[in-house]
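Enquirer: In case you want the letters, here they are:
2 protein chains.
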Amino acid sequence: MKQYFKLDEWKIIEEGFNAEHQQIAESVFSLGNGRMGQRANFEEAYSGETLQGNYVAGVYYPDKTRVGWWKNGYPEYFAKVLNAANWIGIDIIIDGEQLDLAKCEVASFRRELNMKEGYLKRNFRAKTVNGKEVEVEAIRFCSMADDETGAIKYTLTPINFNGPITITPYIDGDIKNKDANYDEKFWDEVKKQANPNGGYVQLKTKKTGFEVATGMLFTISQEGKVRPVEKEKYVAAKVDLLAEQSKPITIIKYAANLSSQNYKAENLVEQLNQTLDRVSKKGFDTMLAEQAAAWAAKWKHNDIIIEGDVAAQQAIRFNIFQLNQTYTGEDDRLNIGPKGFTGEKYGGSTYWDTEAYCVPFYLATADPKVTRNLLLYRYKQLGKAIENAQLLGFKDGAALYPMVTMDGTECHNEWEITFEEIHRNGAIAYAIYNYVRYTADEAYLEDYGLEVLIAIARFWSQRVNWSEAKQQYVMLGVTGPNEYENNINNNWYTNTLAVWCMQYTLDVIVKVKAADSAKYNALISKISFNEGVEFARFTHIIQNMYYPYDEQQQVFLQQDGYLDKEQILVKDIPIGERPLNQKWSWDRILRSCYIKQADVLQGIYFFEDRYDIDTIRRNFDFYEPRTVHESSLSPCVHAILAAKLGDEARAYEFYLRTSRLDIDDYNNDTEDGCHITSMAGTWMAVVEGFGGMRVKDGKLSFNPFLPDKWQSFSFNVGFRGALLNVKISKAGVDIKNLSDTQITVLVHGEEREVKYSG
Amino acid sequence: MKQYFKLDEWKIIEEGFNAEHQQIAESVFSLGNGRMGQRANFEEAYSGETLQGNYVAGVYYPDKTRVGWWKNGYPEYFAKVLNAANWIGIDIIIDGEQLDLAKCEVASFRRELNMKEGYLKRNFRAKTVNGKEVEVEAIRFCSMADDETGAIKYTLTPINFNGPITITPYIDGDIKNKDANYDEKFWDEVKKQANPNGGYVQLKTKKTGFEVATGMLFTISQEGKVRPVEKEKYVAAKVDLLAEQSKPITIIKYAANLSSQNYKAENLVEQLNQTLDRVSKKGFDTMLAEQAAAWAAKWKHNDIIIEGDVAAQQAIRFNIFQLNQTYTGEDDRLNIGPKGFTGEKYGGSTYWDTEAYCVPFYLATADPKVTRNLLLYRYKQLGKAIENAQLLGFKDGAALYPMVTMDGTECHNEWEITFEEIHRNGAIAYAIYNYVRYTADEAYLEDYGLEVLIAIARFWSQRVNWSEAKQQYVMLGVTGPNEYENNINNNWYTNTLAVWCMQYTLDVIVKVKAADSAKYNALISKISFNEGVEFARFTHIIQNMYYPYDEQQQVFLQQDGYLDKEQILVKDIPIGERPLNQKWSWDRILRSCYIKQADVLQGIYFFEDRYDIDTIRRNFDFYEPRTVHESSLSPCVHAILAAKLGDEARAYEFYLRTSRLDIDDYNNDTEDGCHITSMAGTWMAVVEGFGGMRVKDGKLSFNPFLPDKWQSFSFNVGFRGALLNVKISKAGVDIKNLSDTQITVLVHGEEREVKYSG
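Chains A and B, in that order, are what the protein sequence lines are. Residues in the first sequence are numbered from 1 upward in steps of one, following the numbering used here. Residues in the second sequence are numbered from 1 upward in steps of one, following the numbering used here.
Any given hint could turn out to be false.
You can't tell identical chains apart in this list, so a pair holds if it fits in one copy or across any two.
Below, a list of computed lysine-lysine pairs in the DSSO-like style, where the Cα atoms sit at most 30 Å apart [claimed, not checked]:
1. 64 to 178
2. 206 to 178
3. 64 to 345
4. 206 to 64
5. 207 to 583
6. 709 to 207
Hints listed in this document are in silico derivations from the structure and should not be mistaken for laboratory results. What you are looking at is a predicted structure, and each value in this text was computed from that prediction instead of being measured.
All chains should be modelled from the sequences, with the hints used to inform the complete structure.
Expert: Structure follows, in structure tokens:
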């Protein structure tokens, strides 16, 4: 399915009704506001293939783990994203027949996602089996301005008939997760009420006890006979009316989702009613205008404009749009699931994707508090990360953050990942470094950062062991970012990251101690940090760590023994055998030299300043031809490094592999949801790759180039109070300051003062 | 639970009723005859904790696989042992109250397994809640002489009452497997019939379609009113009679299990009736006498007598007894499950245990056809082993035998085992070598053996790869016998075994070609063996294989990088942290130096003649202190090597760890069933360890020693038509020939003629 959707700079457009693409479209047209979200399911009934999805951020269920063979240390439960009550439903019965596009003759169909203003619009004209023709326009959004609410304006016009129509707006909480290990339902009903003009259902999750009240208020432009209906976890109002040919009937449905995370459970309904009152008084058009204004503010901070390539323009905006729909940084209990609000897959919410890929995006495109909240999310889960490490046999306050989590508890159970893909711990430390480097918010280190860093450094110091044979420290039994290798020894990336973590921790200790010794002393007393002993141990490891290296090719070795593998390059694998993860058995993949995603190169990306350009080039030229890029997170790092190496054509090629991943369904899996976290990687490819943006000694630095196919591109980034528009065109690099904070940047290494430019 | 059972040279005895030991006793007192078997459940109802188990050899169900995370190459189904119809049941209702030891006051209880004659006897005296006292004696066995049948003699004597008793012999096929991934029942009813003196149930397995007819005929010593009863998958006859105080009532129940593996399904009932007629005409006492005779014949071939240590005597006989109950070698479709007929655990039937541990036992203690049938079992599954290898990406007739199987299909799904614990393939080749070495049956190679060997050699030749770095062949991504290491490179044992397989295959090719070139040509044509190319490839690998070795300590290295691990010896692990597999997380075990069971030492055991005694000692002294023996298969190999090294005390110590494993429930898991295959290891410890028995140049050789605590020990072994009794006492080594085949053996390296000695 290439280019199924129409090209447009600000919209995603589907024309014509194709049932076989319905689930892909449901993913791509998904809506969200950071607090809640939903797939682009239809308001009216649809009996075709569909994945129904409504999600409330932070509400999860600990599903009992399913394993083949239990390994000591596995978590018993897997917290997963919950499919929540459907608030979009509006059943339409025309003369006794359910309006259902799977059964109608559909004369025209158009769906568009307006990314500029943040709403979904659908128009269609269809004829029922009984020959009744209708035209429908449905507009809906999840409000960014009022993030517990959403609204729908559904207008139905009879084309060729007068007659009875029953319109049934409803809330349906009798929902089943597609992803449920033992086929259970996860919600219990607390209470509900159906009224003539609305209603609510209050549900409670099993085990976790989250309560969510979902309610609606609606108006219909034409009078009718109303019958409230209540069923299990379901409320509705059936409205019978007589439709007139060519006379539009407009249903406006206001909805709200309130959760016991933010209110006392016993007050939810009262709060819900107040919220619904407020938005319905505002009215649909005002809400929609607020929505456009909220999105305009977002775009001001983070739009990217590409001239001369509509497909690229559409794609980059789609990626930015989805990232903003998924996470707004308002709440430090929330995080960024790999599928956001677009599907259930990958169950848990938080992966190392957040720190490694999403943090750079939010740092540059949002208020610093957004990233700070992502950091605080981990800070608040430090206790659980320490427990998690204890479960695996670590001690003395060492923390291992989970591979996948909702609330800090490990949710993954595959030993080679759960127990061994520990580089995630380093990414969490790196994000702290990245945040401080970008924002200069040194106070964060004193208040929160150092505590996390010490716990992580303690983990690494226990996780390495002294090798008598090598007379160096080694790290055995790990899985690097390249998950096509498991249980390897001395993964260069992990060893490098671990030592960096320990060094950075020591640096921060010195800094914090100097800045505020009282705070420092309080901290080390709280966490029983033995400065003498632990400082010495960290230092000894830093000075005596082993890193695999190949003298002959002068490259860092991905792990011990990597060069024992048969070295056939990716280009020489027969086409029919790819993707490897579908065509090869797992053992064959494991013993091959093929790399899923940047591993040594991820380390070079993180610590670019340490390596001269020849070293970067040698490693890139060695590893990239062995990389199959079978993770959506792979191409962006390669794009950035290719750009760094001046290989503009390849940088562009890598960028293309991710930018339209979901819109064009490259991996045949968009129906499960969109690859939200990899969208941040696409942004990185443009800004850090083509734009060459870095932070150098507290200044933003740009080494941009213009891809051949583009006339120009520009991006907005914020930095320490300034808001810049950076435009790269054939004419050169033009930087405008959209704020009144004067700033000095580097362009191709030269300092440039950028003043407010109106 | 140490020494719960009483010591006796020929019996296992339980005295007193202990509900908390019931499931352990059910395992230890299990009965079987190679064709069918059962746990020692009670005949009458029992409402306490119990694991009901009746099994019919070769009847399995492919349960849908349960995995946490699917890996390419995993099998979809897991064939597992089926719990089959219960034929032992006899309900007793006394004056309206069910006789049930869980509810009675039990005045006395004794259970004994008579291993000499092959039956289980149970006596008890109990008082019901209503105050009725009865005495019961129950004797039962699975007939060795007539292996589709079994019989029970159940005698009940009212002690303190006259009154109504209802006796209900039944067959119950409404059975659930404890081990069922999705809680399904695996049997459907085909037909059934309840008669006044018996009845049958014919069941069919879902998916596999095995049909099994289970029937009974019974007599009761006292007249009563009979009502046949039929329920789903259940037949019974309720017999109401009036019992008289002190007058024994004897129920004799004859049972038979016939399977569609051996008869047409439509004839099963007719055959079943003939079988039941035959045995009932014979009568219980005649059957029991035949049973004693059949067991006398077994014991003649394989008894071990230990003087001066009753516990050791009892234990070794228990192990021999269970091995004979599990596999008799009558049928080349059957094999030896790790739990035999004593439980469902480990689901599948066949592991490499058979070739590595059981083959030596059966070679020495049974007719050569018994081992030959174990070999033919694998020969007949060669096609599936080739398919299995294809699934993983191998080609050109390479075979990978499954880790666990019933019918040749892989049934295990844990990537590090299923795909990587490939040394099993070598054990299958080694068993062929071992069989031919022991029996001199060279024709087996021509007819079957070579075809298997070539397929296995082909696998190894594809599984290795050329390392440009080492300029040698390497084998990456394997798991050795030490399953506490996964996905390692160049496991010394696997590399050694693989090369040995290729060399042995080449040797056998030369031999077979010389012996019968027509047969050889037919074979290589059938399997498209390209002699020139493949011979050369095997040879190149044999000559250029890499084996990890440590120059400093002069030991074979278990795998690449083993010496990077922290080398703390097992004796220095705090007691509370063992067994590691219960106390440590899986990743911690993996990165430790601790060894689950013989790995390098397994190779040294297999290829002992290659290594001088110093090499063996260096490796033993290096690896044993790092071995936790957390597999029941571990101590025997260590006992044999310790004996070889002259360390008699340690050899004896290792022997003790396995000999009473189940009787004394060392691992707290006997309730799941007995460790059948490790029992062969115990036999090996005595005969190959203390007896120092080997085959040297076509002769049996003995280098025995007498453990300090024993006065003497003797064992019977067969070898190429001769049957020997070898007795080691303080007086020296006495060898008697129980057969009329003269034979020359080596004793401490000296030839000794052994003639028939009456």
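Enquirer: Taking the numbered hints from earlier one at a time, note which ones the structure violates and give those numbers from smallest to largest.
Expert: Violated hint: only 6; rest satisfied.
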